[in-house]
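Undergrad: As given, the protein sequences belong to chains A and B, one line each in that order.
Our numbering applies: residue 1 is where the first sequence begins, and numbers increase by one.
Our numbering applies: residue 1 is where the second sequence begins, and numbers increase by one.
By construction, these hints were calculated from the structure, which means they are not laboratory data.
Predicted model, so just to flag it, every value in this text is computed and none were measured.
Some hints could be false.
[What the hints assert, rightly or not] Heads up, simulated DSS-like pairs for lysine-lysine below, C-alpha to C-alpha not over 27 Å straight-line: (1) 5/B to 159/A; (2) 370/B to 63/A; (3) 297/B to 202/B; (4) 297/B to 56/A; (5) 49/B to 168/A; (6) 30/A to 56/A; (7) 159/A to 49/B; (8) 88/A to 378/B; (9) 30/A to 388/B; (10) 63/A to 297/B; (11) 297/B to 187/B; (12) 322/B to 243/B; (13) 30/A to 258/B; (14) 63/A to 187/B; (15) 56/A to 370/B; (16) 243/B to 253/B; (17) 159/A to 187/B; (18) 88/A to 370/B; (19) 30/A to 229/B; (20) 187/B to 56/A; (21) 42/A to 5/B; (22) 253/B to 56/A; (23) 164/A to 49/B; (24) 159/A to 115/A; (25) 258/B to 56/A; (26) 370/B to 164/A; (27) 164/A to 403/B; (28) 403/B to 63/A; (29) 114/A to 147/A; (30) 229/B to 187/B.
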Amino acid sequence: MLEIRWHSRAGQGAVTGAKGLADVVSTTGKEVQAFAFYGSAKRGAAMTAYNRVDDKPIMNHEKFMSPDYVFVIDPALVYTTDVTINDKESTVYIITTHMSTDELVASQPKLAGKKVFTVDCIKIAQETIGRAIPNTPMLGAFMKISKMYDIEFFKENMKRILGKLPQKIIDANMLAIQRAYDEVK
Amino acid sequence: MAFDKMELRDIEVWDGNFAAAQALRQCQIDVVAAYPITPSTPIVEGYAKFLADGYVEGEFVMVESEHAAMSGCIGAAAAGGRVATATSSQGLALMSETLYQASGMRLPIVLNLVNRALAAPLNVNGDHSDMYMVRDSGWIQFDAYNPQEAYDLNFIAFKVAEDHDVRLPAIVNQDGFMTSHTAQGVKTLTDDAAYNFVGEFKPMNDMLDLDHPVTHGVQTEEDWHFEHKARQHRDLMVTVMPKIQAAFDEFEKLSGRKYNIVEEYDMDDADVAVVCMGTSVETAREVATEMRAQGIKAGVVGIRVLRPFPFMEIAEALKDVKAIAALDRSSPNGAAGMLFNEIAGALFNTDTKALLSGYVYGLGGRDLTKAHLRDLYKELQANADAGKVTTQLQQFIGVRGPKLAFL
């Protein structure tokens, strides 16, 4: 079982990202689950979304998760929420920030000693898609760190999932995914 | 046909709401009258989009309340159409008067009920308060534990409800957010296979059959009211279960997916059993398997059909068990809990003298964790070892503050 927790703000696309990832993974024959905590959260409110991936049917519906990966797609959430809650020693963090990994960990001591990777998904999204929608670049970074799938395979599948959007937006998302894949460290 | 078919992949990643919306499209619903409410909104939204995009030949009726939504469904069903809607929580509460009208008039409407807590305090998350509230309304009630089942049970609901020997409305329950907004792999049916399973709608006593005028919703008073209600109850007690079983059997032939009136998991030699509904059934199954590795013979009984209540089937499933936990995701507000009471009733006149304890959990979407369930199974084993219930009969799982226990 692979478990992922997303930290996002409502409106930044964490739910779409989690469902998109689930869709890609499902095409490879694995079982998937993607969900989120919404409540009555309004745009901009901190929220979490989740992925589970397994080789056998996923029967666990508890909301509690001790994640293998933590994705943070809004830079400020590292300071305003506890992104390390319920983690384990092996948990890998991929965090959106304009800082280097060392600068980030220095600014948030809770991340000290943890496996932290950084990438500026916000900037990448602004420069490619034209809006601060950091969900697809985060998945590009995840492909690099997890080596889950070949990036070309992943992009081909994401093209199908984004299929209803205008071609220009799809192309921009592919650029964003590739840039985050190349730039995450 | 005047509508387009949709090419689906064998496995689509859908949440429970979209799965239900796709099922409504494939059943080719004639009329959906709806007043959308969280968390069920995407079901009727989905149907409306399929309609606008030419994938359904039907009508979406926008109304001013849930009371009007069900009233519209009743009118359309009495006229002679295949009719569905969806709601949750306060919406169902406002609908409740008309639910009795629909069942009393024997109109085979299908209602997707995305289970959500009832205010006050206001809460949009999943619990079974709304499901429990209308359990005596004369509707058949199915319960889905995941998006796949929310999809499948819609076809089964139409098949059973529209059968001319049944002619009763049916509710398909799914857990708000935990199923409705959780995307999982859903094995699809082709449009043709799905439609052929439910079949062409065959009207009965339809008001638009002008050659055979009928009256619906008449006044009967003391002379006939009781006979109508008794007949309805008789059909629920006698006719409906075999029809559900037949629909389950036929669906298994079509899809390979097997449904049972009571879903037993590892019950053959179980000493301790948890009885519950919704997503909790699946989480409990996972924990039961873990407990067996630790030497506790754990099983799970899931309620698939809440109405008619599977009185005999429950007694059979639990007959060799030593300790049972009845899990109610709804506040009984001054009683022992619906499942506790129903199970007690089902077992009382049998030779089964299992130890029965009740638990209230998960109100307003509060998480039921695997850790909770591990503790629960250990408590049941302690009861079985002691030969008596070692706690009070009613406890709470996952509520903060001083421990609450009653009875």
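Undergrad: Do the alpha carbons of residue 370/B and residue 63/A lie within 27 Å of each other, as the hint requires?
TA: holds (10 Å)
Undergrad: Between residue 30/A and residue 258/B, is the straight-line Cα distance small enough, at 27 Å or below?
TA: Satisfied, since the Cα-Cα distance of roughly 21 Å is no more than 27 Å.
Undergrad: With the threshold set at 27 Å, check whether the alpha-carbon distance from residue 56/A to residue 370/B stays at or below it.
TA: Holds: residue 56/A and residue 370/B sit about 18 Å apart, inside 27 Å.
Undergrad: Is the straight-line distance between the alpha-carbon of residue 88/A and that of residue 370/B 27 Å or less?
TA: holds (17 Å)
Undergrad: Keeping to a limit of 27 Å between CA atoms, is the pair of residue 30/A and residue 229/B held or broken?
TA: Violated, because 50 Å separates the two Cα atoms, which is more than 27 Å.
Undergrad: Need the status of pair residue 297/B, residue 187/B: alpha-carbon distance at most 27 Å?
TA: Not satisfied, since the Cα-Cα distance of roughly 32 Å exceeds 27 Å.
Undergrad: Does residue 187/B sit within 27 Å of residue 229/B, going by the straight-line distance between their CA atoms?
TA: violated (39 Å)
Undergrad: Next pair to validate is residue 159/A with residue 49/B; report whether the Cα-Cα distance is within 27 Å.
TA: holds (22 Å)
Undergrad: Would the pair residue 159/A and residue 115/A pass a check requiring their Cα atoms to be no farther apart than 27 Å?
TA: Violated, at roughly 30 Å.
Undergrad: Run the distance test for residue 322/B versus residue 243/B: straight-line Cα separation, threshold 27 Å.
TA: violated (32 Å)
Undergrad: Check the hint pairing residue 49/B with residue 168/A against an upper bound of 27 Å on the C-alpha distance.
TA: It holds: about 24 Å lies between the C-alpha atoms, which stays within 27 Å.
Undergrad: Tell me if the straight-line CA distance from residue 258/B to residue 56/A falls inside 27 Å.
TA: holds (18 Å)
Hint check: violations occur at hints 3, 9, 11, 12, 19, 21, 24, 26, 27, 30; the rest are consistent with the structure.
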